[in-house]
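For the record, the sequence lines run as chains A and B. In this text, residue positions in the first sequence follow my numbering: the first is 127, and each later residue adds one. In this text, residue positions in the second sequence follow my numbering: the first is 2, and each later residue adds one.
Treat the hints loosely; a few may be bogus.
Unchecked claim - Calculated lysine-lysine pairs in the DSS-like style (CA-CA distance at most 30 Å, straight line):
| id | chain 1 | residue 1 | chain 2 | residue 2 |
| --- | --- | --- | --- | --- |
| 1 | B | 62 | A | 531 |
| 2 | B | 42 | A | 552 |
| 3 | B | 159 | A | 638 |
| 4 | A | 452 | B | 83 |
| 5 | B | 199 | A | 174 |
| 6 | B | 45 | A | 531 |
| 7 | B | 78 | B | 232 |
| 8 | B | 106 | A | 598 |
| 9 | B | 106 | A | 552 |
| 10 | B | 163 | B | 199 |
| 11 | B | 199 | A | 552 |
| 12 | B | 45 | A | 567 |
| 13 | A | 452 | B | 159 |
| 14 | A | 174 | B | 78 |
| 15 | A | 525 | B | 183 |
| 16 | B | 163 | A | 567 |
| 17 | A | 452 | B | 163 |
| 18 | B | 42 | A | 638 |
| 19 | A | 531 | B | 78 |
| 20 | B | 199 | B | 83 |
| 21 | B | 159 | B | 62 |
| 22 | A | 389 | B | 211 |
| 23 | B | 106 | B | 159 |
| 24 | A | 598 | B | 163 |
| 25 | A | 525 | B | 62 |
| 26 | B | 78 | B | 166 |
| 27 | A | 552 | B | 163 |
| 28 | A | 525 | B | 78 |
| 29 | B | 211 | A | 598 |
Since the hints were derived computationally from the structure, they do not count as laboratory data.
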Amino acid sequence: MSRQRFYLFLWICVFVVAGAFRLPFLSLRPMHTDEAVHAFKFAELLEKGQYQYDPEEYHGPTLYYFTLPVAWLGGYHSLSALNESCLRLVPVIWGFLTLIIFIVYAQRINPRAMFLAALFYAISSIIVYYNRYYIHETLVSAMVWSTITFAYLYTKEKKILYAVLSGISLGILISTKETWMIYLCAIVMSVLILPEWRRIFFANIIDVAMFILTPALVIAGLFYTSFFTNPQGITDLVQSFHSYFSRGIGTSIHIQPWYYYLKMLFYFNVQGAPVWSEGFVVILAVVGIILLINKKISSDPDHFLVGFIAVFTLLIVLIFSLLPYKIPWNMLGWMPGIVFLAGWSADYLLTHSKNTYIFYLFSLILGLGILHQTWQCWQLNYRYEYSPANPYVYAHPGKDIELIKDRIRRIAEVQGIDTRVDVVFKNHDYWPLPWYLRSFKNVGWWDDLDPENPLAPIILLSVDQEENLLRKIYNLTPLADRQLYLTLFDREIELRPGLEMCGYIRFDIWQKFNPPNRVDEKLP
Amino acid sequence: MMKNNRPGILILAIFLLFAVSGLAQQSNTANQSNLDTIKIKLPKPVFIGTPQNMQVPNLEKPLGKPRPPFLAPAGTKNVALKKTVHSSDEMPIIGDLTLITDGDKEANEGSFVELGPFKQQVTIDLGSRHEIYAIVVWHYHNQPRVYFDVVVQVSDDKDFIKDVKTVFNNDHDNSSGLGAGKDMNYVETAEGKLIDTKGVQGRYVRLYSKGNTNNDLNHYTEVEVYGKPVK
């Protein structure tokens, strides 16, 4: 087998492994609040053809626009027809596109290093986890790295096409999430820090403005104006700087210490569950940076690229760690940099220890490390996919959502989707219930129990509203109109960790509903 | 003139009475016929941001309403106000220990003291022996947080070696080494956490904590001790 065929075979293996971890059972994990909110935002675009950028919430438009072709191809034309697999397939596709970047590098620089980096990417628990999550992060990550990759290709081959593709990637990045400002700052700072990049940048500044910045602004303009239907989108984009800057440094429920991300990557343990760590890959990346600082690989022709990726990755980790506002999926933006550096340093150590006992020792450690990462990836994505013991599970609905789904399905079966359902949670904190009730036509979403409104036959509410509901059923309702209500669940259940909820069902529906565990009950 | 018009006015009044009662009847019938057709405009779901990640075992349910009034003997007052506070961290990261008993329990910066990471304690010297009915503690209520391993003790010994009475302990796995407690974890609110101390007697009140759901640091905005001097 020729060397080229051998690498072709290895790359096919990497893509098969990446697919095997990303594609199966996309609906396995319950919908997170953010996923459900994005699904509703997308449904407005799908059903009415309308999208309007909101500078305060929900981030940029690209996630929704890129979901459209997937939904159309799948034959989904309404919110009620949509499912988790259709939505989550979008980030999965973008995760695959990020993987292609390593092939681009492999063709031009070290193929073994890039194969190892791609393998680390394919089996990384955190990357796989958020590649299967209907949020903007995978798209952000893909666009950050394609902006850098095409810019690198432009510096090497001087083809205008690469500069334009880098600009288009930057435009999509700007249109995806407001954190684009942080990534762009880190890219510019890295260029200015590294002398060779700085020289090329200033020598080609007109080309950068014409072929990178101009396409970027055109693409961003298209998306933010909803393809010229909402000119306000441009001013809203400017306004979003203030909103997100205040959030990033201000008070928030997502404020964490500076070491939050690093701690999560190195060590995470909840009693009764295994210890999780991405330390193997992170340590390899750190070794790569140390080698780079010691100029061990400065003579390498691709020191130019590795140096840039090392500086950019360090800067982006530093900036996100210093910002008080932290959410675990932000790590996805820099994980490709970490696996790139890990692949690079693993290759360096293999090459420079050849024909010594260290080579065999390191090969063994590398093999064991890959096996561990593979096992961990399977565990965290298919066994602990919504467990609080999983470091990447963040305010996620747990196993009780299965019980809620089951009850909702049975109500739809026995009473139909026209049944009125009232959902009462303080501060509208009822997500992701709207997703699970999306096929019901008559659902009221309340912040508080309205004493004027007649009671719905099905009521789902947070436990702090239960006392008000019982008062309404038994005290405020006139005796002649009073109806008997029963609890919908046999126990208190959690919509999310720390958010307990309960449900009530009118007796006449309950008789039709008749859950089996109640039928079998023997009365004294 | 007026006398001649009386029959006419009477007829008009009777006619008006019938007309009004007829209309009322009609309206009543209409109301009755609409009884089953009340249309309620249901609100659409309102989008929210990413919720807080709160994965704390043994967490107390939210009360959902103001705390009921706490009853104590007449003359009971906050005996910790302006009293001396000592701590395992005498050099706090933010603020100073006097903030714990200065009477200011606002959530603002400048109202709380930030102690170092992991297990830390503050000890309030009440100056003399007191009968204590309640202790109210505000760690940090600017955001919903849970402080871990909250242990509250009362003693006459300033070193808390002998005659230590534990009035609250939610360290369920004894990870702080003060004994396992059965009290529940709770979310910080502006109301503070009220601990019913049932008239326990002592001069010193010590409060332990060991980080919180957001970081490993420990904070105190205010501690109030409600009691009366022992005569």
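Right, here's what the structure says about each hint:
1. 62(B) / 531(A): 23 Å, holds
2. 42(B) / 552(A): 19 Å, holds
3. 159(B) / 638(A): Violated, at about 66 Å.
4. 452(A) / 83(B): Status violated; Cα separation ~37 Å.
5. 199(B) / 174(A): 63 Å, violated
6. 45(B) / 531(A): Between residue 45(B) and residue 531(A) the Cα gap is close to 20 Å, so the pair holds against 30 Å.
7. 78(B) / 232(B): 16 Å, holds
8. 106(B) / 598(A): 36 Å, violated
9. 106(B) / 552(A): Holds: residue 106(B) and residue 552(A) sit about 25 Å apart, inside 30 Å.
10. 163(B) / 199(B): 20 Å, holds
11. 199(B) / 552(A): Roughly 34 Å separates the two Cα atoms, so the pair is violated.
12. 45(B) / 567(A): 11 Å, holds
13. 452(A) / 159(B): Given that 30 Å is the threshold and the Cα spacing comes to 41 Å, the pair is violated.
14. 174(A) / 78(B): 63 Å, violated
15. 525(A) / 183(B): 26 Å, holds
16. 163(B) / 567(A): 66 Å, violated
17. 452(A) / 163(B): 44 Å, violated
18. 42(B) / 638(A): 27 Å, holds
19. 531(A) / 78(B): Given that 30 Å is the threshold and the Cα spacing comes to 52 Å, the pair is violated.
20. 199(B) / 83(B): Satisfied, since the Cα-Cα distance of roughly 23 Å is no more than 30 Å.
21. 159(B) / 62(B): Violated, because 35 Å separates the two Cα atoms, which is more than 30 Å.
22. 389(A) / 211(B): 18 Å, holds
23. 106(B) / 159(B): Distance of about 26 Å is within 30 Å: holds.
24. 598(A) / 163(B): Distance of about 53 Å is beyond 30 Å: violated.
25. 525(A) / 62(B): 19 Å, holds
26. 78(B) / 166(B): It holds: about 21 Å lies between the C-alpha atoms, which stays within 30 Å.
27. 552(A) / 163(B): Distance ~47 Å between residue 552(A) and residue 163(B) Cα, so the pair is violated.
28. 525(A) / 78(B): 47 Å, violated
29. 211(B) / 598(A): Status violated; Cα separation ~42 Å.
When each numbered hint is compared with the structure, violations occur for hints 3, 4, 5, 8, 11, 13, 14, 16, 17, 19, 21, 24, 27, 28, 29.
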